[in-house]
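Asks: Sequence:
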Amino acid sequence: MEKEVHEQYEYARRRIRQKKVLYFHFVLFILGSLFLFIANRFFGLGATNGQDWCIWAITIWLFIFILHFIKVYITDRFMNKKWEREQIDRLVALQQKRISQLESKVNEDSENKI
Numbered sequence: 034m035e036k037e038v039h040e041q042y043e044y045a046r047r048r049i050r051q052k053k054v055l056y057f058h059f060v061l062f063i064l065g066s067l068f069l070f071i072a073n074r075f076f077g078l079g080a081t082n083g084q085d086w087c088i089w090a091i092t093i094w095l096f097i098f099i100l101h102f103i104k105v106y107i108t109d110r111f112m113n114k115k116w117e118r119e120q121i122d123r124l125v126a127l128q129q130k131r132i133s134q135l136e137s138k139v140n141e142d143s144e145n146k147i
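All residue numbers for the sequence shown refer to our numbering, where the first residue is 34 and numbers rise by one.
Just so you know, these hints were derived from the structure itself, not from any lab. Note that CB positions come from ideal geometry on N, CA and C, so glycine has one too. Some clues are possibly wrong.
[What the hints assert, rightly or not] Taking lysine-lysine and the DSS-like style, the derived pairs with C-alpha atoms no more than 30 angstroms apart in a straight line are:
id	residue 1	residue 2
1	LYS114	LYS36
2	LYS104	LYS53
3	LYS138	LYS114
[Stated by the list, open to error] Pair ranges (Cβ atoms, derived):
id	residue 1	residue 2	range
4	LYS104	GLY65	42 to 50 angstroms
5	ARG131	ASP85	35 to 43 angstroms
6	TYR106	GLN41	48 to 56 angstroms
7	LEU64	ARG110	50 to 58 angstroms
8	PHE102	GLU141	33 to 41 angstroms
9	LYS146	ARG48	55 to 63 angstroms
10	GLU136	TYR106	40 to 48 angstroms
11	LYS130	VAL54	39 to 47 angstroms
12	ILE121	ILE71	29 to 37 angstroms
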């Protein structure tokens, strides 16, 4: 019972840490995007050929943030320790079933030879 409570606590702590890092990433994205936009538009940083390079940088950063969001709220939410345990149990059961089928086949073959 205590082990289960400890596992639940550790899972909750890990999820909170993931969400905290995601929120920090979001704030950093907003501030960084604002900085890139201002640096490009108003200070002309990197504006050698008149293109808005900051739009490309912000778009790439947004894509990375979306991947981070998907990992935290979709992938890790459903593929946690419980899911992992269920998958392992299912695969072990399939292996045991296959082993028993092979053993019964070997026993039948040996009985037929005698």
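Asks: Is it true that the CA of LYS138 sits at most 30 angstroms from the CA of LYS114?
Replies: 36 angstroms, violated
Asks: Within 40 to 48 angstroms or not, the Cβ separation of GLU136 and TYR106?
Replies: Between GLU136 and TYR106, where Cβ atoms are some 45 angstroms apart, the hint holds.
Asks: State, for the Cβ atoms of PHE102 and GLU141, whether the hinted interval 33 to 41 angstroms holds or is violated.
Replies: 55 angstroms, violated
Asks: Between the beta carbons of LYS104 and GLY65, is the distance compatible with 42 to 50 angstroms?
Replies: Since LYS104 and GLY65 have Cβ atoms about 20 angstroms apart, the given range 42 to 50 angstroms is violated.
Asks: Does the Cβ-Cβ separation between ILE121 and ILE71 fall within 29 to 37 angstroms?
Replies: With Cβ atoms ~51 angstroms apart, the hint is violated.
Asks: Take the C-beta atom of LEU64 and the C-beta atom of ARG110, compute their distance, and say whether it sits inside 50 to 58 angstroms.
Replies: The hint (50 to 58 angstroms, Cβ to Cβ) is violated, given that LEU64 and ARG110 are roughly 27 angstroms apart.
Asks: Is LYS114 within 30 angstroms of LYS36, Cα to Cα?
Replies: 14 angstroms, holds
Asks: Can the suggested window of 39 to 47 angstroms be confirmed for the beta-carbon pair LYS130 and VAL54?
Replies: For LYS130 and VAL54 the Cβ distance comes to about 42 angstroms; the hint holds.
Asks: Take a look at whether the Cβ-Cβ distance between LYS146 and ARG48 falls inside 55 to 63 angstroms.
Replies: Holds: the Cβ-Cβ distance is about 58 angstroms, inside 55 to 63 angstroms.
Asks: Does LYS104 pair with LYS53 here, judged by a C-alpha cut-off of 30 angstroms?
Replies: Since the Cα atoms of LYS104 and LYS53 sit roughly 13 angstroms apart, the hinted pair holds (cutoff 30 angstroms).
Asks: Return holds or violated for the Cβ distance of TYR106 and GLN41 against the range 48 to 56 angstroms.
Replies: 19 angstroms, violated
Asks: Take a look at whether the Cβ-Cβ distance between ARG131 and ASP85 falls inside 35 to 43 angstroms.
Replies: 59 angstroms, violated
Going down the numbered hints, you'll see the structure goes against 3, 4, 5, 6, 7, 8, 12, while the others check out.
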